[in-house]
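Residue numbers (this note's numbering), protein chains in the order written: chain A, 587 to 745; chain B, 31 to 758.
Just so you know, the hints here were simulated from the structure itself, not pulled from any lab data. Backbone N, C-alpha and C fix where the C-beta goes; we use that ideal spot for every residue, glycine too. One should not assume that every hint holds.
Said to hold, decoys possible - Computed footprint of chain A on chain B, listed as stretches where at least three residues anywhere in the stretch have a Cβ under 8 Å from a Cβ of chain A:
| hint | region |
| --- | --- |
| 1 | 40 to 47 |
| 2 | 198 to 204 |
| 3 | 492 to 500 |
| 4 | 661 to 671 |
| 5 | 676 to 687 |
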Amino acid sequence: MTIAPENNMVDVSFTLNGKLVDVSVSATDRLLDTLRYDLRLAGTKEGCGEGECGACTVLLDGLPVNACLIFTFQVRNREVQTIESIDAHELEEFHSEGATQCGACSPGVVMTALWIRNHPSLLQTHQLSRLMAGNLCRCTGYDAIVKSLEASLSIQERN
Amino acid sequence: MLRVEARSKLTGREVFIDDLPAEDIWWAGTVRSSLPRGRIRDIHFGSGIDWSSLIVVDHRDIPGPNEVQMIERDMPVLAADVVRHVHEPIVLLAHPSRRIVRQAVQAISVTIDPDEPMLDFRHPPTPQQIQYGSDNVFKKLKIEKGTVDEALAAAPIVVEGEYETGAQEHVYIEPQGMQAQVENDVLVVKGSMQCPYYIQHALMHALNRNEKQVRVIQTATGGGFGGKEDYPSIIALHAALLAIKGNRPVRLIYDRQEDMAATTKRHPALIRHRTGVDHHGRLLVQDIDVLLDGGAYVTLSPVVLSRSIIHAAGPYHCENVRIQGRVVLTNSVPFGAFRGFGAPQSQFANERQIDRIAHELNIDPVQIRKINLIKDGQTTATNQVINDGADRIQVLDRAIDLAEYHDRKKAHEVFNVQHPTLRRGIGVASFFHGAGFTGSGEVQLASQIHIHGRPDGILEVRSSNVEMGQGALTVFTQIVAERMAYDQDYIVIVAADTSVVPNSGPTVASRTSMIVGKLLEQACDDLSRQLNGESNTDGTALKDAIIRWHHIRPDQELIGKAQYNMPPDIHWNDLTYEGDAYSAFAWSTHIAEVEIDLRTFVIRVINFTAVQEIGKVLNETLARGQIQGGITQAIGWALLEQCHWNNGSMQNNNLSDYVIPTCPDVPPIAVEFLESPTPHGAQGAKGIGELPMNGPAPAILNAIAQATGADPRSIPLTPEQLMETLLT
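Using the sequences provided together with the hints, build the complete structure.
Next up, the structure:
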């Protein structure tokens, strides 16, 4: 793949949180910046800019990705879901168990956690803690995140 | 009570500084020194950039003194003629395009004539390396109790040890950032911070402005851990200089690599112990030398040293103690505040030393702690009489029970004999942490807090202490709700804005819940006094009383106020370093279990137990979160987090090469609290934010020593270092 010079603008259409959007971006713009600065969806955070911390996790065609490692042109005609599509009532266990402290990692943690919750069969082959390993949290020590996800999964199972 | 701002954080609605609208923003960048020490000869603005389209600032644009106001004023806002560390800021740039700013930063080349840098704090400087006073020593402190030399000479057994701890990067997940603009001659600076008034004072000093001309507003702060105590003053100054010169709103956000390279870290330490004991393991004399690497400027190093030496002898009673501390200059990026503030370093050394003494005497590591832990009526190294009703032996015993220490230890011994390649061990550390500013520090702060009874019946708390993840908003709400018997929905804690809130001091030193929370209780009582006639007359609820108060006095404000006064029973001598160093200590014992793979030398912490006496648990979920989070950060410091240095600059300044604990790295952490309320804290609570940073490193290394027979004395203990320790 050849990468266009950075002043080359490209038009990109994609589905964002269920709605079709059109943006005109530089060929090297990161999805993270398009979301945050062009589309003004600042819920997705930048923690490291190199795919290590997971603060910018969004779902791309249903799979968690780091929005700092995706060029915007790569999401053309694809489906992107960000934290803005999530309502607080979906996260009651995360609230009650203390899964957020400073809140900087939380949007990414929540996107990964909800992906796991929506695909509980993942847990037959993967440990929950391994599935969460791509999201760094410096405050909680992870226990509250794991407990809230487990609680959330067991409620889901009961229903 | 659940965390009040949790929903907005979980759903990404919380507004951090870089989440503010950015349409009219000019983005800032920083040109830095590439050498650790030298003289700036030339600054060359390269071709290919339209320099007239940028705001360009150097030291000549600083209206006042070129000094960052901290404890001292030795650090320049921007280097003028000399540089003292790599990454020292020299030129600032701003432009509406972030891309152009990045290119422009690259297009500037600074020529520096090198001088001989001082790079290893463990060695004395050569005459050419002297840059501070006559010996590069920023601060020297001494604690002396009893007769140390005589006791050492008389002691039947003397154990010596030398211990080292490395730098640690904070890795708050939100990198540092500030935004500045001038509005009607008022400089408004917003951003991620722990200490709004520190920043205001730094801006007033270097920009020649009065307090009415500088307004500092905290935005949601994505973790601090001390890293946003001192450094934000520098970023605020830089953003402000650009905003003033260009008359534009300027945003200065560090990306992760710049943040890790340029901002402060935990002080590296070299600590020596000589301990005299009797044959039962009773401590007869402790002679301790603490040496800290301060980096290129003073920052907060003198108070870090102070806290470090006060905690250096541990939570033990000993009649003869000498602790000498020095923090020295190196041409390294300055070291600064980090959770624990010197105490984790010195207690790491002490708790390894205690274990090594036990090993030498062939007595149980639990037993030696039991013999020596302070009992009520006994004294700390500063001769502070401890009489708080807390039972430190009970804390230890409870941890031993909870961890099933003795059974696990036996099981590990059996396992180690049988298993060909894995080794398991269990280690203990007992420690303490004093909350609030040291000695007379709280008196000098003279913190004030206000609670407004608004005309709509809402109680509004005004404090400069910020929420940074630790739960300040929730705990303050809870304190008011309980003190006033009021519904939490009618209580708000306003954002820390220096034009609105009084100076209740910095958000540091585990002081917010305990010290400022106690002040808040007093402010509530002051408000109640003012309402007294109102609320009792016809039995109406507090809300009606507040509304009625305003109805009768339409033009007045109803404000409950409190200001810190030293409790009469606290005495501290700053000259002799004797007396009550802190109004309360929290006490804790940690127990760590490890498993080591002798083929790879990978160390896994497989179980962790933390028991702590914290006065009173204000909010169990928040308190547990502080303990578990602190332990995790300390596991990183002990085993994973290694800064690789070259020329006083961190080479692995990214999260691929500097590894912090991830979810699967963290063991189950059992947390239990004991309560012995202190009169000096809200509802009897003691500060706990920093406490859990002190125990894990020594508990883990003690476990590793037990598992392998090695004698590791420095952290981080990476697999490579463990291999070296075991094979040499």
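Each hint, compared with the structure:
As drawn, the region 40 to 47 of chain B meets chain A at 7 residues by the rule of a beta-carbon pair under 8 Å; at three or more, the given contact holds. Restraint check on the region 198 to 204 of chain B versus chain A: 5 residues with Cβ-Cβ distances below 8 Å, three needed, restraint holds. Note: the region 492 to 500 of chain B has 3 residues with beta-carbon separation from chain A under 8 Å; the three-residue rule is met and the coverage holds. Only residues whose C-beta sits within less than 8 Å of a C-beta in chain A count toward coverage, and the region 661 to 671 of chain B has 3 of them, enough to reach three; the restraint holds.
Evaluation of the coverage hint for the region 676 to 687 of chain B: fulfilled, as 3 residues show C-beta separations to chain A shorter than 8 Å, against a requirement of three.
When held up to the earlier numbered hints, the structure conflicts with none and fits them all.
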